[in-house]
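> For the sequence shown, the numbering used here gives the first residue as 6, with consecutive numbering after it.
Be aware that a few hints might be false.
For lysine to aspartate or glutamate, the following EDC-like pairs were computed, each having C-alpha atoms within a straight-line distance of at most 20 Å [what the hints assert, rightly or not]:
#1 116 x 73
#2 116 x 80
#3 141 x 73
#4 116 x 74
#5 116 x 17
#6 141 x 74
#7 116 x 133
I should point out that these hints are in silico values taken from the structure, not numbers from a laboratory.
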Amino acid sequence: MGGTELWSSVFDPILSALLSDLDRDILLRWLVFFFANEVVRTQPDAIICQVNQLSWGIPLGYGEATLEETNPNIDSLANDLLRLAIMNFKAISKSKMSDVLGFQIHGYNLKVYLTQKMPNSPYYTITEVLAITFSKSIQELDSLTSRANIESLLSFDTVFWTICCNKHDV
Numbered sequence: 006m007g008g009t010e011l012w013s014s015v016f017d018p019i020l021s022a023l024l025s026d027l028d029r030d031i032l033l034r035w036l037v038f039f040f041a042n043e044v045v046r047t048q049p050d051a052i053i054c055q056v057n058q059l060s061w062g063i064p065l066g067y068g069e070a071t072l073e074e075t076n077p078n079i080d081s082l083a084n085d086l087l088r089l090a091i092m093n094f095k096a097i098s099k100s101k102m103s104d105v106l107g108f109q110i111h112g113y114n115l116k117v118y119l120t121q122k123m124p125n126s127p128y129y130t131i132t133e134v135l136a137i138t139f140s141k142s143i144q145e146l147d148s149l150t151s152r153a154n155i156e157s158l159l160s161f162d163t164v165f166w167t168i169c170c171n172k173h174d175v
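With the sequences and hints as input, model every part of the structure.
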């Protein structure tokens with residue numbers, strides 16, 4: 006399965022339902038499709054942001070997606086996490102927000118992070134708030150729909166809409 010098929014058939018239906026709200030003008034959009042021979046990339050794979058009429062507004066979060074390999078490329082995963090941290094830091098600094106969401110997809114695994122600026126301090130924290138494995142086939146679907154996974158996804162939804170959005174009057 007290629008990168009586009011992975012996010013469009015597995016992750017986008019669930020993440021878009023959790024992170025997009027047309028009534029509040031907030032959308033999850035995928036920016037980059039997977040390129041095989043990229044040297045250095047500064048643009049995220051996905052962005053969660055407000056829509057301000059015809060332009061994209063304040064970013065509320067970013068996402069990175071990597072295909073699963075037989076031998077995991079730890080350097081690539083670390084670069085994706087570092088890219089998320091830097092983009093979240095810039096979003097917080099530029100918009101004066103205090104919280105920005107980031108997510109990292111590696112194969113069928115999803116990790117969600119919350120980047121926060123510590124009050125009255127020049128320091129930032131990045132905290133993992135969710136780690137979940139999506140099912141690879143319809144036969145494994147019951148593992149995704151377990152009570153623990155549903156509660157984790159609902160908690161993720163609550164974290165995003167109460168911490169990242171309500172504090173910023175989105």
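> Kindly indicate which numbered hints from before are broken by the structure, ordering the numbers from low to high.
none
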